[in-house]
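Visitor: In case you want the letters, here they are:
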Amino acid sequence: MTDIAHDRIKAEITENAVVLYMKGTPVFPQCGFSARVVQILTHVGVPFKGVNVLADAEIRDGIKNFSNWPTIPQLYVKGEFVGGCDIISEMFQAGELQSLLAESGVEVKAGA
Amino acid sequence: MAMDAAEIEALIKSALPDAIVTIEDLAGDGDHYAATVVSGAFKGISRVKQHQIVYAALQGRMGGALHALALQTSAPD
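Chains as they are written, first to last, in our numbering: chain A, 130 to 241; chain B, 70 to 146.
In isolation and in its complexed conformation, chain B is listed as follows:
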């Protein structure tokens, strides 16, 4: 029940090719991450929709294989 940071990044980038993704392994257990995702796709849409795009990119792993992913999303300045 754990995921590699590189795997998370690859999934997010496959859905959002322009995304700048920063991932931090919070507990060092491969199960609690914090991710910052910056993508042009987030421009002008609500935070809920931004997060839903990232969750969709993770193809159902969020809440399953991935227990905790603190998410911060934004559009580039």
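This is chain A alone, in the form it adopts within the complex:
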């Protein structure tokens, strides 16, 4: 991975509390796994920044090395890698994702 990709990712996940690296955009996901995580985040009511890796080859390769994780999507909360689609789905169903967001001090919309 180039240092530039590493620095860009680092800056992005530091500046934004919740970042989802995904295929497509939150409005038009281009992969079922990415769509599923967008759906969960929307349901939980947490604002997040979506980064479309399909539009950026450097980030698409870089993010896999960054987290030592071979697939997209990847969710980051407060700079920490939380998981991909399976883990986020499991955490959501167990209520753990909501607790993690609350513990991390990320505001979610009330009543979601």
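If you are wondering where the hints come from, they were derived from the structure by calculation, not from laboratory data.
Among the hints, erroneous ones may be present.
What the hints assert, rightly or not - Derived lysine to aspartate or glutamate pairs resembling DMTMM-like cross-links, with alpha carbons at most 25 Å apart:
1) B:112 / A:215
2) B:112 / A:232
3) B:82 / A:215
4) B:118 / A:136
5) B:112 / A:219
6) A:193 / B:76
7) B:112 / A:225
8) A:193 / B:100
9) A:193 / A:215
10) A:152 / B:94
11) A:152 / B:98
12) B:82 / A:219
13) A:238 / A:215
14) A:193 / B:78
15) B:118 / A:219
16) B:118 / A:141
17) B:118 / A:232
18) B:118 / A:209
Unchecked claim - Example chain B residues on the side facing chain A (calculated, C-beta under 10 Å, incomplete):
19) 115
20) 131
21) 140
Claimed, not checked - If you want a taste of the chain A side facing chain B, the calculated C-beta under 7 Å gives, among others:
22) 199
23) 200
24) 212
25) 215
26) 216
Every residue gets a Cβ at the ideal spot worked out from N, C-alpha and C, and that includes glycine.
Starting from the known structure of chain A, arrange chain B on it as the hints suggest.
Guide: Chain B only, in chain A's frame:
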């Protein structure tokens, strides 16, 4: 660009000999699988680390030869 379920199981078991591996071919196309892996090695470590161990066992095939592997990992009760 497809993999045999038996091949996936063998790779996981070579890294985690005690693992109980269940693999389901979701679409019948040899490309979309769901796997459940239960191993003592997962005790006390995060889900991310558990999945990373399985991905490492697949030696780079995940995201390449293997497009989709829905993964569920746990330690035995």
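Visitor: Run every hint past the structure and note whether it holds.
Guide: Each hint tested on the structure:
1. Of the supplied pair hints, the one linking residue 112 of chain B and residue 215 of chain A holds, its CA atoms being roughly 19 Å apart against a limit of 25 Å.
2. Among the hinted pairs, residue 112 of chain B with residue 232 of chain A is consistent with the structure: their alpha-carbon atoms are about 24 Å apart, no more than 25 Å.
3. For a cut-off of 25 Å, the pair hint linking residue 82 of chain B to residue 215 of chain A stands: about 21 Å separates their Cα positions.
4. Under the criterion of a C-alpha separation no larger than 25 Å, the hint pairing residue 118 of chain B with residue 136 of chain A is consistent with the structure, at around 23 Å.
5. Proposed proximity of residue 112 of chain B and residue 219 of chain A is supported: the alpha carbons are some 17 Å apart, at most 25 Å.
6. A C-alpha spacing of about 24 Å is found between residue 193 of chain A and residue 76 of chain B, which places the hinted pair at or below 25 Å, so the restraint holds.
7. For the hint pairing residue 112 of chain B with residue 225 of chain A, the CA-to-CA distance comes to about 18 Å; that is within 25 Å, so the pair holds.
8. The suggested pairing of residue 193 of chain A with residue 100 of chain B holds, with an alpha-carbon distance near 20 Å, which does not exceed 25 Å.
9. A C-alpha spacing of about 16 Å is found between residue 193 of chain A and residue 215 of chain A, which places the hinted pair at or below 25 Å, so the restraint holds.
10. Restraint check for residue 152 of chain A and residue 94 of chain B: the C-alpha separation of about 24 Å stays at or below 25 Å, so the hint holds.
11. At most 25 Å may separate the alpha-carbon atoms for a hinted pair to count; residue 152 of chain A and residue 98 of chain B meet this at roughly 22 Å.
12. Between the alpha carbons of residue 82 of chain B and residue 219 of chain A the distance comes to roughly 24 Å, so the proposed pair stays at or under 25 Å and holds.
13. With a C-alpha separation of about 24 Å, the suggested pair residue 238 of chain A and residue 215 of chain A falls inside the 25 Å cut-off, and the hint holds.
14. Among the hinted pairs, residue 193 of chain A with residue 78 of chain B is consistent with the structure: their alpha-carbon atoms are about 23 Å apart, no more than 25 Å.
15. Between residue 118 of chain B and residue 219 of chain A the alpha-carbon distance is near 15 Å, which keeps this suggested pair within the 25 Å criterion.
16. Taking the CA atoms of residue 118 of chain B and residue 141 of chain A, the gap is about 23 Å. The hint holds against a cut of 25 Å.
17. Proximity of residue 118 of chain B to residue 232 of chain A is assessed by CA-CA distance (about 21 Å); at most 25 Å being required, the pair is judged to hold.
18. Restraint check for residue 118 of chain B and residue 209 of chain A: satisfied, since their Cα atoms lie roughly 13 Å apart, inside the 25 Å limit.
19. Interface hint status for residue 115 of chain B: upheld, as the beta-carbon distance to the closest one in chain A is roughly 9 Å, under 10 Å.
20. Taking 10 Å as the C-beta contact cut-off toward chain A, the hint placing residue 131 of chain B at the interface holds, the least distance being around 4 Å.
21. For residue 140 of chain B, the suggested interface contact is upheld, since its CB lies about 5 Å from the closest CB of chain A, less than 10 Å.
22. About 4 Å separates the beta-carbon of residue 199 of chain A from the nearest beta-carbon of chain B, less than 7 Å, and the hint is met.
23. A distance limit of 7 Å between C-beta atoms decides the matter here; for residue 200 of chain A the minimum to chain B is near 5 Å, and the interface restraint holds.
24. Using the Cβ-Cβ criterion of 7 Å, the hint placing residue 212 of chain A at the interface with chain B is satisfied: the shortest such distance is roughly 6 Å.
25. The criterion of a C-beta within 7 Å of any C-beta in chain B is met by residue 215 of chain A, whose closest approach is roughly 5 Å, and the hint holds.
26. Using the Cβ-Cβ criterion of 7 Å, the hint placing residue 216 of chain A at the interface with chain B is satisfied: the shortest such distance is roughly 5 Å.
Going through the hint list in order, the structure satisfies each hint without exception.
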